[in-house]
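Undergrad: What follows is the residue order along each chain.
Protein chains: 2
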Amino acid sequence: MANGRNVLWIMCDQLRFDYLSCYGHPHLHTPNIDRLAERGVRFNRAYVQSPICGPSRMSFYTGRYVRSHGSTWNGIPLRVGEPTLGDHLQEIGVRNVLVGKTHMRADTEGMARLGISPESFIGARVAECGFEVFERDDGLHPDGPYSPNPEYDSYLKAKGYDGPNQWERWSNSAEGEDGEILSGWLLGHSDKPARVQAEHAETPYMIQRFKDFVAVAGDQPWCVHLSLIKPHWPYIVPAPYHDMYSAEDVLPVVRSEEERQDPHPVFKAFMGERVSKAFSNDETRAKVIPAYMGLIKQIDDEIGKLMEFLDEKGLTDNTMIVFTSDHGDYLGDHWMGEKELFHEPSVKIPLIVVDPRPEADSTRGTVSEDLVEAIDLAPTFVEFCGGKPKPNVLEGRSLLPLLESTEPIAWREFTISEYDYSMRNARMDLGLPVSDCRLAMIMDKRWKFIHAEGFRPMLFDLQEDPQELQDLGANPAYAAERERMSEALFAWYRKHHTRITMTDDQIAASAGKELQAGILIGYTDEEELEEAKQEQGLL
Amino acid sequence: MANGRNVLWIMCDQLRFDYLSCYGHPHLHTPNIDRLAERGVRFNRAYVQSPICGPSRMSFYTGRYVRSHGSTWNGIPLRVGEPTLGDHLQEIGVRNVLVGKTHMRADTEGMARLGISPESFIGARVAECGFEVFERDDGLHPDGPYSPNPEYDSYLKAKGYDGPNQWERWSNSAEGEDGEILSGWLLGHSDKPARVQAEHAETPYMIQRFKDFVAVAGDQPWCVHLSLIKPHWPYIVPAPYHDMYSAEDVLPVVRSEEERQDPHPVFKAFMGERVSKAFSNDETRAKVIPAYMGLIKQIDDEIGKLMEFLDEKGLTDNTMIVFTSDHGDYLGDHWMGEKELFHEPSVKIPLIVVDPRPEADSTRGTVSEDLVEAIDLAPTFVEFCGGKPKPNVLEGRSLLPLLESTEPIAWREFTISEYDYSMRNARMDLGLPVSDCRLAMIMDKRWKFIHAEGFRPMLFDLQEDPQELQDLGANPAYAAERERMSEALFAWYRKHHTRITMTDDQIAASAGKELQAGILIGYTDEEELEEAKQEQGLL
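If you're matching them up, the sequences are chains A and B in order. Those letters in the first sequence? Residues 1 to 539, by the working numbering. Those letters in the second sequence? Residues 1 to 539, by the working numbering.
Since the hints were made in silico from the structure, they are not lab data. One should not assume that every hint holds.
One copy or two, either will do: identical chains are not told apart, so a pair holds if it fits within one copy or between any two.
Claimed, not checked - 30 Å max Cα-Cα, derived DSS-like pairs, lysine-lysine:
#1 513 with 192
#2 495 with 390
#3 277 with 533
#4 305 with 211
#5 495 with 445
#6 495 with 388
#7 287 with 513
#8 192 with 533
#9 192 with 277
#10 390 with 157
#11 313 with 388
#12 287 with 277
#13 268 with 513
#14 533 with 390
#15 277 with 513
#16 445 with 513
#17 305 with 388
#18 287 with 305
#19 495 with 268
#20 313 with 277
#21 159 with 495
#22 287 with 533
#23 268 with 211
#24 297 with 495
Model the full structure from these sequences, guided by the hints.
TA: Laid out in structure tokens, this is it:
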């Protein structure tokens, strides 16, 4: 049962791993996040299970691979009955609370089939991916039906910002010389300040909502998913963050002409998407990336204040703090915008875990090079809060052993990420049916292999080519590596991913019990049966 | 919605495909079942998705592969939320009714997690694999807690048979010369008559229960799963069926000494199981198989009467009749007892479908050589009853096209079956962890390839070696065939098996709708945005 420990699980959206100074950014100083890394373990090889919000988050929230939970893209409901972190924490008396974004869509059809009302206590949790919702805000309030209940808009209204859609008009728009509103959706405006004051921007607002939760939380231990919307687009940030960085502070773009010559067909289709073309324009990058950096800088400032708050509230000693992201952002690298493919800027995430237990003292300030996955967080939280392992359901591994010692231990050899592009223009460009848009990445510490259904694979050698500029997927010299990685991927597919109702231990314990149950299979006569009963101690 | 059609879905347990005269048995005449074949289509290549009761049935009941539903062995609960045939029929107003065996175990933990009471209307269905239970009887009432509510025992008691455990004492025991009770579990007693009178045996009893259902069914269309327990063990049958057949009527055993020389390790472990040794004894076979044949003969007799009943009740013209089994029985072939591996006597089933619609007239009395799977029945029933296809959930294919025409159509090229032997002594013999006991068969019309985790594969050429006596799994001459089959298996694994909450059509319809939703990704300025809006007709 719960041991009085809390988890504060901070997730940014679309934060690239290398846009933090502790991960090596030379110009973007993030001292507060760096301080977390000093207090805990910084994971240098952390990967998401799908490089896009929805399925990545469903993997975080279930501790399961995309092929297991089945929610392969944004807006594809998480099937009812898929066990969530919230279910596991609930069992041990820990609240699993959402403050911010989830991108979850409820399986209303499945709920109706099972007679689960979204109004019921359980139904409300099922409809929200296992979370008790303190505040949900998916961070997009475009003019349309996207987010029907934007509390943040009401907050802005109360602060004197006029509507409609304060989110769009103030936090995500700039102003022109004649006072006209310039949409922050448009990348050409990213260098201008958002109209909102910095203190009323989305990041400080949502962190304040976490504080509001703490004020009313009471004594029950909690895991709060503080899910920040930034630095996700619209790429626009209020003053003073809008001009803290300039084009000179931007990391050099990682791309080569060779990449555009005879590229993998799927890569080519993605390079052809509008957003990729936009981010291949250096002028656009020079406007957008400084804003992206400003958004991160604001997060860092707010994280600093948040840590002070935890100290003041006496929460530091019993709260695990996790800082991570749901995926990265190409920002023009590899002629790409957005995320979705498997180059490091997209699929790799920052992950810092501060474990307050004395058992974790020996690892503070260290860097782990083990291959860790987004699905490792759920089992980590369950174990940290006093729960038992559930390897039949939770496909990730608890990180506690890596937090307790820097000595090498047996750990996974491969990490997996999946992406289905059936919702994308790339599918139409390639003329594929919805069912065949499956990509799967498997990587070890050196090789990254990407299976692309219906096409040749991609292969990168991260040791010789850390920038992933040379796709070896068609190079005859690497046939053996491809074969090895393909076989490892096949082995992963073959594993049980859905046998969630019984543990291996339970199976082992019930094996070979026919005779005890009076089920007599293969006995010819009484003598033989007596003998067997005697052997099994049943007489 | 429902179109007033019913389905009578008769399933035997452990009935080998070739122990019926319509499938070629030279001595076991089953004229009533043969008559069904004359009235419908007899499928000559029908395979189960797992050659053992529990997972095979869960695939029948969900229309999904074992790797999808996750219930890999008897007693492993079907996870809550896994959609069943009952769910799909319920949507179109058709009752899905159980009369007989399911071998289902409810996911009580998952139900509790979702707050579904087994007492509720929905909960009762969820707890019974989507069935409305008219009568459930898993066909085993050993002395123990197996079946807590054996209605059949009460029936026997009312008929004057004394207890306790009338099922065991009367229906599944013989009597010795001195009146002592001889257990029918013991194969040495299989040649003796069961103590029960034939008319009170399990088969006529359960068929009577179907008639009882019809008497009270009312007007709502139904699908009744009339799930007979026989010819499953205990292998014992009442007079006069116990001596209708003799050792001369038994099919010649199919086995070779070569099979025991250097066999595949998993095959070897199974040959070493007690039941395999028992069935490798010709004396035992000579006692057991005539009883097995007698059980089938009784089923055939009762099917004849049942068809008369349907005629009398006016049900023949609007009721689809299906006759099948959940798997076969080695009966000593290949030095094996029981089922569980993938030789034809185990994994292949009889399947006869009588479709009363005029559209099916042209196929009556024909034999289909298409590869069909157990999971095809659920979509067949849904379509027959007026429902829409659900390819995202139902992994099988409706058989209606094969019932409507004998013209060749595009059909599946491979059939798949899976088996996990972690509950078996074979696992202990091989010293394997529970997680690694995975077998998967893929076959086309000629080649049968079996992946065995951690071991070499098995391979059979059904054209050159229809009796499957030569395992080509290690023969270098067949490397290319193995490679081809292995790749086909890999391709099957890679498919989506869990994306059940959205159809491909829905995905196609929602793709590329960002701009319509006000999500503006990759636009640099107003001009570009206007242009795109114009292109998409949004202005």
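Undergrad: Each hint needs a verdict: does it hold in this structure or not?
TA: Do the hints match the structure? See the list:
1. 513 with 192: Close across copies (28 Å), not inside one copy (72 Å); limit 30 Å.
2. 495 with 390: both (16 Å within a copy, 26 Å between copies)
3. 277 with 533: Only across copies: residue 277 and residue 533 sit 18 Å apart there, 75 Å inside one copy, limit 30 Å.
4. 305 with 211: within (11 Å within a copy, 74 Å between copies)
5. 495 with 445: Classified as both: same-chain Cα gap 22 Å, cross-chain 27 Å, threshold 30 Å.
6. 495 with 388: The answer is within: 22 Å in one copy meets 30 Å, while 32 Å across copies does not.
7. 287 with 513: between (69 Å within a copy, 27 Å between copies)
8. 192 with 533: Classified as between; 24 Å across copies, 83 Å inside a copy.
9. 192 with 277: within (22 Å within a copy, 82 Å between copies)
10. 390 with 157: Close neither inside one copy (46 Å) nor across copies (46 Å); limit 30 Å.
11. 313 with 388: within (29 Å within a copy, 57 Å between copies)
12. 287 with 277: within (15 Å within a copy, 77 Å between copies)
13. 268 with 513: between (57 Å within a copy, 21 Å between copies)
14. 533 with 390: Neither: 34 Å inside a chain and 50 Å across chains, both beyond 30 Å.
15. 277 with 513: Classified as between: cross-chain Cα gap 19 Å, same-chain 64 Å, threshold 30 Å.
16. 445 with 513: Result: close neither inside a copy nor across copies, 44 Å intra and 38 Å inter.
17. 305 with 388: Cα proximity of residue 305 and residue 388: none, with 34 Å in one copy and 56 Å across.
18. 287 with 305: within (28 Å within a copy, 83 Å between copies)
19. 495 with 268: Between copies, since 23 Å is at most 30 Å while 32 Å is not.
20. 313 with 277: Neither way: residue 313 and residue 277 sit 48 Å apart in one copy and 70 Å across, limit 30 Å.
21. 159 with 495: neither (54 Å within a copy, 51 Å between copies)
22. 287 with 533: between (80 Å within a copy, 24 Å between copies)
23. 268 with 211: Neither. Shortest intra-copy (46 Å) and inter-copy (64 Å) distances fail the 30 Å Cα cut-off.
24. 297 with 495: neither (42 Å within a copy, 42 Å between copies)
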